[in-house]
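*Asks:* Sequence:
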Amino acid sequence: MPTPNLPTSLLLNGREFSYDAIQQTPTPHASLNGYEARVLELLRQWLTGAQEFGLRTSGSTGQPQLIVLKRRQLAASAARTGDYFDLGPGDRALVCLNCEFIGGKMMLVRGLERHMHLTIVEPHADPFDFVPAEAEFDFGAFVPLQLRAVLAAGRAPRLNKLRAILVGGAGVEPSLLREIQHLKVPVYLTYGMTETASHMALRRLNGPDASPHYRVLPGLHLGQDERGCLTVRGDVTDDQLIVTNDRIELLDKHTFDWLGRVDFVINSGGVKVQAEKVEQVLDVALAELGQSRRAFVAGRPDERLGQAVTAYVEGTALPPAAEQRLLALLGQRLDKYEQPKAVVYVPTFRTTASGKLDRAATLRGSAPARRGAAGQP
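According to the UniProt record's numbering, the sequence shown is numbered sequentially starting from 1.
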């Protein structure tokens, strides 16, 4: 007899699959697409007690790497998130992240471990296009692109029926952050990586408890190395010390500010410039010009400076007057060494398989720079 109120099946792309059937030895099924088959295999492995899981890192800062996490690490992460958000039997989770990477994989594990009703859809810009209009959820996780698309489609009322929303995998641009302020549902920006079995810290983005700081989940231990980069140890790391390349300001043993990747530091004329700091100012300036575009900052080889701070903007070139206005805004808000010396327009940014910006691939394929009038050091 099944335990009352515990789900015995899930929905995958609108089709119901029982947990009993998923556990059976997989057989070819002509009606499944490749993604569905891979998700069902991931579920089967968990349901049949697999103890190790191979996962690829996102590749957003380098080549994707295959790492192995133990079942107890994934279970510990699921328990910590489940406790934090009080998730339990009968709660409904929308799984719309790519389940072949840690963010989506952990949505599955949380659902199974906490006996939640799982509705899984293949990753799309607006996942609500692929679930019934009457479907309601308690918990969901989105990448910023998805959350932006959902809000643009006028689905804020549906989001407000959730108890909590996670957003991660990329930075939240100022224009999206402003839209999030209108939501009643608590929205949390996540910090984590494959090696920590998804998020290990959260930052509330809206409501009276909004904060500029990340707070680590209970039971995990933070530190810094000699570079000022975050270290973490706990059950989600199998009690191994994980040393990241993320520069942080450690405010106390539970709270930190993320400053940027140490490998995104630009050495321009002997001055070290943190790319992410410049990116935040660039995002705001583009938004003020009515340009809802993706952008990032990187060092471009320069004979005199070694590396020249360069803005990479997605899409067609801005009109000359708009570009000059953009550079003027950056000049007002950044130190002279931080100001981009050029703007490069890239028709479409490259992305990784998990949907993150692939800086390295974008830089390799970028067109020659269009020079701006930013001040020289």
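What the hints contain is simulated information worked out from the structure, not anything from laboratory work.
Hints are supplied without guarantee of correctness; some may be wrong.
[Unchecked claim] Simulated crosslink set (DSSO-like; lysine-lysine; CA at most 30 Å straight-line):
1. Lys-161 / Lys-184
2. Lys-253 / Lys-161
3. Lys-277 / Lys-356
4. Lys-184 / Lys-336
5. Lys-272 / Lys-184
*Asks:* Indicate, hint by hint, whether the structure satisfies it.
*Replies:* Checked hints:
no. : hint              : in the structure
1   : Lys-161 / Lys-184 : 9 Å, holds
2   : Lys-253 / Lys-161 : 34 Å, violated
3   : Lys-277 / Lys-356 : 19 Å, holds
4   : Lys-184 / Lys-336 : 40 Å, violated
5   : Lys-272 / Lys-184 : 40 Å, violated
When the structure is compared with the earlier hints, violations turn up for hints 2, 4, 5 and for no others.
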